[in-house]
Amino acid sequence: VNIPSRPNISSRLDTIRARRTQLNISHKRDLLCDNAEFLVYHWSGQSEAFAPATGEQAKGDRINIGDHNCRVDSGKPFPYTAEMPSKLGKLENTPENWAADYRFFITHSPAIIDPDELIVGDFHWQLDEARTFRYPEEVHQLGYQARKLGAGGISFTHTCPDLSIGLALGWNGLLQKIRENRARFEAYGNEDSAAYLRASEQVVLGIQEYIRSYAKKARELAQQEIKPETKAIYQQVAQCTEAIANDKPKNLHEAIQWIQLFQISERMHGHGNGYGRLDALLQPFYEADCAAQRITREEARSLVAELFLRYGNYFSLGGKNREQNDATNEMSWICLEAFDMVGGYNHLGVMWHSKIDKAFWRYACDVVGRYGAGCPTLVNYDIFRESELRSGYPESDAWNVSYSGCQWYCSPGNEYSDHDVNCLVLVQPLQRAIERVVSQGLDSFEDLWNCYNYEVNLTADALRDFKNATYSWQPKVWPEMVTSLCAHGPIEKGRDITNSRSVNNAYTSVNVLGVPNVSDSLYAIEQLVYVNKKYSLKELQAALKSDWAGLEKMRQEFLHVPKFGNDHSGADEMAVRVSEHIRIVLESRQNIKGFNFRPSLFQFMGHTYAGPMLGATPDGRLSREPLAHGMNPMHGRNSGGMTATIRSFCKLDFRKYQGGSLQIELQPNFFPQQQRRGDLVDPFATSFFQMGGVQINLNVIALEKLQRAMEEPDLPEHQEIVVKVTGYSAHFVVMDRKFQEEFVERVNYKRL
Amino acid sequence: MTPSQKTGLIFNVHHLSTDDGPGLRDTFFLKGCALRCEWCHNPESIQSPREVWWNKNKCIGQLDCVRLCPTQALSFSTDGISIHRDTCNGCGICVDNCTAQAMEAIGETWTVDQLVTEALKDKLFFQNSGGGVTFSGGEPLKQAAFVIEAFARLKKEGISTALDTCGYLLRPHLEELLACTDLFLYDIKEMNNEQHRRWTGVSNEPILENLIALVDVISQQKKQPDLWVRTPLIPKRTASRENILAIGAFIKKNLGGRINRWELCAFNNICAQKYARLEQDWAFSNETLLDRNFSAELLELAKKSSGMSEQVFLTGLA
Numbered sequence: 001v002n003i004p005s006r007p008n009i010s011s012r013l014d015t016i017r018a019r020r021t022q023l024n025i026s027h028k029r030d031l032l033c034d035n036a037e038f039l040v041y042h043w044s045g046q047s048e049a050f051a052p053a054t055g056e057q058a059k060g061d062r063i064n065i066g067d068h069n070c071r072v073d074s075g076k077p078f079p080y081t082a083e084m085p086s087k088l089g090k091l092e093n094t095p096e097n098w099a100a101d102y103r104f105f106i107t108h109s110p111a112i113i114d115p116d117e118l119i120v121g122d123f124h125w126q127l128d129e130a131r132t133f134r135y136p137e138e139v140h141q142l143g144y145q146a147r148k149l150g151a152g153g154i155s156f157t158h159t160c161p162d163l164s165i166g167l168a169l170g171w172n173g174l175l176q177k178i179r180e181n182r183a184r185f186e187a188y189g190n191e192d193s194a195a196y197l198r199a200s201e202q203v204v205l206g207i208q209e210y211i212r213s214y215a216k217k218a219r220e221l222a223q224q225e226i227k228p229e230t231k232a233i234y235q236q237v238a239q240c241t242e243a244i245a246n247d248k249p250k251n252l253h254e255a256i257q258w259i260q261l262f263q264i265s266e267r268m269h270g271h272g273n274g275y276g277r278l279d280a281l282l283q284p285f286y287e288a289d290c291a292a293q294r295i296t297r298e299e300a301r302s303l304v305a306e307l308f309l310r311y312g313n314y315f316s317l318g319g320k321n322r323e324q325n326d327a328t329n330e331m332s333w334i335c336l337e338a339f340d341m342v343g344g345y346n347h348l349g350v351m352w353h354s355k356i357d358k359a360f361w362r363y364a365c366d367v368v369g370r371y372g373a374g375c376p377t378l379v380n381y382d383i384f385r386e387s388e389l390r391s392g393y394p395e396s397d398a399w400n401v402s403y404s405g406c407q408w409y410c411s412p413g414n415e416y417s418d419h420d421v422n423c424l425v426l427v428q429p430l431q432r433a434i435e436r437v438v439s440q441g442l443d444s445f446e447d448l449w450n451c452y453n454y455e456v457n458l459t460a461d462a463l464r465d466f467k468n469a470t471y472s473w474q475p476k477v478w479p480e481m482v483t484s485l486c487a488h489g490p491i492e493k494g495r496d497i498t499n500s501r502s503v504n505n506a507y508t509s510v511n512v513l514g515v516p517n518v519s520d521s522l523y524a525i526e527q528l529v530y531v532n533k534k535y536s537l538k539e540l541q542a543a544l545k546s547d548w549a550g551l552e553k554m555r556q557e558f559l560h561v562p563k564f565g566n567d568h569s570g571a572d573e574m575a576v577r578v579s580e581h582i583r584i585v586l587e588s589r590q591n592i593k594g595f596n597f598r599p600s601l602f603q604f605m606g607h608t609y610a611g612p613m614l615g616a617t618p619d620g621r622l623s624r625e626p627l628a629h630g631m632n633p634m635h636g637r638n639s640g641g642m643t644a645t646i647r648s649f650c651k652l653d654f655r656k657y658q659g660g661s662l663q664i665e666l667q668p669n670f671f672p673q674q675q676r677r678g679d680l681v682d683p684f685a686t687s688f689f690q691m692g693g694v695q696i697n698l699n700v701i702a703l704e705k706l707q708r709a710m711e712e713p714d715l716p717e718h719q720e721i722v723v724k725v726t727g728y729s730a731h732f733v734v735m736d737r738k739f740q741e742e743f744v745e746r747v748n749y750k751r752l
Numbered sequence: 001m002t003p004s005q006k007t008g009l010i011f012n013v014h015h016l017s018t019d020d021g022p023g024l025r026d027t028f029f030l031k032g033c034a035l036r037c038e039w040c041h042n043p044e045s046i047q048s049p050r051e052v053w054w055n056k057n058k059c060i061g062q063l064d065c066v067r068l069c070p071t072q073a074l075s076f077s078t079d080g081i082s083i084h085r086d087t088c089n090g091c092g093i094c095v096d097n098c099t100a101q102a103m104e105a106i107g108e109t110w111t112v113d114q115l116v117t118e119a120l121k122d123k124l125f126f127q128n129s130g131g132g133v134t135f136s137g138g139e140p141l142k143q144a145a146f147v148i149e150a151f152a153r154l155k156k157e158g159i160s161t162a163l164d165t166c167g168y169l170l171r172p173h174l175e176e177l178l179a180c181t182d183l184f185l186y187d188i189k190e191m192n193n194e195q196h197r198r199w200t201g202v203s204n205e206p207i208l209e210n211l212i213a214l215v216d217v218i219s220q221q222k223k224q225p226d227l228w229v230r231t232p233l234i235p236k237r238t239a240s241r242e243n244i245l246a247i248g249a250f251i252k253k254n255l256g257g258r259i260n261r262w263e264l265c266a267f268n269n270i271c272a273q274k275y276a277r278l279e280q281d282w283a284f285s286n287e288t289l290l291d292r293n294f295s296a297e298l299l300e301l302a303k304k305s306s307g308m309s310e311q312v313f314l315t316g317l318a
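Going down the list, the protein sequences come from chains A and B. Per this note's numbering, the first sequence starts with residue 1, numbered consecutively. Per this note's numbering, the second sequence starts with residue 1, numbered consecutively.
So that you can see chain A by itself, here it is in the shape it has in the complex:
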């Protein structure tokens, strides 16, 4: 199979790339969360989202998740906070009040333009740094109750708008659409929807003004600039932004610029959205440009590369089209080549399916093998689509599914399914079940299972109540009004995307933390307490309370009962039983929008900090040790090789879960020097997907290099290291120390 070699990078792009990397490693893009509780439960009781970097709600010793923030830190708080409409007047929980703040905020956010950049758009502040983001006390009380039982969630920031709506209408078109619908609702006397759309209008007018400020600034810079090439680029920026402030994009350059400024305007909410199928979005513009002979392939590649260098958001390539044929097009190649050219921090995903263009797939596998930083993420479109259909998405929504974030996927513009930022810590119900069995003097494994079932249900109820309370306030407290502009329903109905009856699909996905630990624990208990009767549950309970102190032999016995991830039928059956159980429990809960809860076998970082918070577990785990990451076996417990792990993994039907990535850290010497890496990554990934796997995060990195990087983070060669941490990427040296330690512990694969 012939695949392209890495395209050469121009010196202009190389400068932009260096600027980008510098921003990332100098902690200008850090994403903070409040504390360890947030990582574990996805809710801290302090912030309503990830921690605001500045402002009244920025407090305490926060944890740096990595350079995973679209925002560029300026080192200062938003200078006009005191003049925000909600500060001068009154903070009200209404879309109008929110929109007035948003319009003021975005029009007082500076246009950021660096020299020689054709694609512009950055921002320094999120709205929650200037507007108070706080749910009422009743919601918080339910949050604390859920936390106590082992669950939480922020209900915010993770969906995927359909940018084709905005690309087709432009800002004037969107404005017109809002006004037409507003007039309709006014005529019917639907004051709520009319009011929402009046607020929407304010949002769009603010964004248009903000985009014009880029044009104005670019013209000023052009005037001052002496170097003709730089001046010409400023002029192009001015022209492009001027045009797209009003009209729909007319060519590829305008389309990419439109996307970037939409993302910026939207990210000011505090979002972490995905943005859909980039190849499909851009292909019509590229075709039109080619037909008019106004663009070369290299120019197209360079424009996409600039979009990637602005931030590196979640986009996807590949997949199937509406007719279920391969959707790979010329822009799929151009986008992948663009990443291949610039490399580094990025969140591109390539969606495999049984009919994918084999050369394109081989190329994607080669790129991730060569860069070794989990990009592109390899995902299984067929499982994505079938999973959406199984949930209840209509065919017309499911075909367009797009990899959108860490492990999650969306039908762009057709859902607000609350992905990735809800958590259920499965260890806690198990701990309570053990207590219950011991205190009630019960004596069979099925008694333990019944107590576990009871406790899991309690936790799920608490989570449901907390989520529903949040949902009832969300459209009033923090509507997602920019995202709503590029969705199918909100403008037509005058209902924010966070509201009920707005978009077609509004499920609640819940990250389940500790599934392998719980299933390994239950299996060990079944074997040693109930089958072999070697220990009583009471003895085990005491051992766990003391963190196995003085009981190393006993701990070893629990540790060496077969574990999930080794293709052992008993251990794996328990893992399937536990996963199926939590799925059934969650699916039987409904949110107030009329959709059920769904489990995700993934949790982005809670496993690193959860250990001491939860204590020792019956799988032989010491309190200080991390939990398993997602559905991956515990570090060092998959002794039977990668294929055994994969067989264990694929005993789960991933259509029933909202993602469950296989995380692999490989040493570079796995690949023979003379062999193209794609030639090995492709058959490996293809086999995994044919067996029903859903996602592979592949890092190729030398253990020694990471260890040196921890000691000497300032060396340039260490600063360049990017890793796919779990579902997201980060520069290794920027990461929290505990994350680094956990990551290094994983790098144990000399071979698969």
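A hint or two may mislead.
Said to hold, decoys possible - Below, in silico cross-link-like pairs of lysine-lysine (PhoX-like), each with a Cα-Cα straight-line distance of 25 angstroms or less:
(1) LYS123(B) <-> LYS358(A)
(2) LYS545(A) <-> LYS58(B)
(3) LYS58(B) <-> LYS534(A)
(4) LYS56(B) <-> LYS355(A)
(5) LYS651(A) <-> LYS58(B)
(6) LYS56(B) <-> LYS553(A)
Rather than coming from a laboratory, the hints here were simulated on the basis of the structure. Please read these numbers as outputs of a predicted model, since none were measured by experiment.
Starting from the known structure of chain A, arrange chain B on it as the hints suggest.
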């Protein structure tokens, strides 16, 4: 098909290996060896009978192993557990009774059926990558009957087979192996016979004669198996200009056009810890890795002398 009761002693399995043949492979390491190479990277493979060894990182000091050993082959001191190889009969009672799994068996008995079942689980990976099963060791042909029967069964199941061999024991099994082997990975370590004897304990004459015989028979076959020659580059031993030139000349003269690849496999010292666990000294413990420039020079010499510039590769560099 009647289930096979034939058994082999296997001391390690690597899944999805890229080291021994094309694609993604399962490599089974068979116990026992015909040679005694000074630099051996799998010292635990050399003895044919099953053995045990101790992993000090896992040990929690219960000492059930010492207490339960029927031949009193284990002793405990401040240095840890010592295994007296003369008295140990490999019964494995210590292994079975070690809670922490710190006592490990070197060698497990596998039936052909078990092996085929295990390999079939990875068949999809083999098919998609052009890989298969490799038998390595030790010297697999110390257990030739097992190899031949297992390969025949694997072939019937549509799995590609590769034999990693030193060639010393090949001749009596040549015909049978040709029927069930898709790839021979054949070592030529050293051309100077005196040195070969000193470093490996045997003459290289049968090895080279067997290789020529193999090439002769292969060229008469309708469906010809692939043949890769492999040379370990051992510092101060085989990694010399003279040796590479001599092997290259041998290949050109005797094997010209009949081999698919010649791999120069760079020395590494990862196995030092295995010698430590076996309580054996290793002459190469403190040996530095091969210099990059020197190995590149050897690669060039190999290409020139063998006349197969496109098919000579250097592998295993750090």
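Hint by hint, which ones does this structure get wrong, listed from lowest number up? 4, 5
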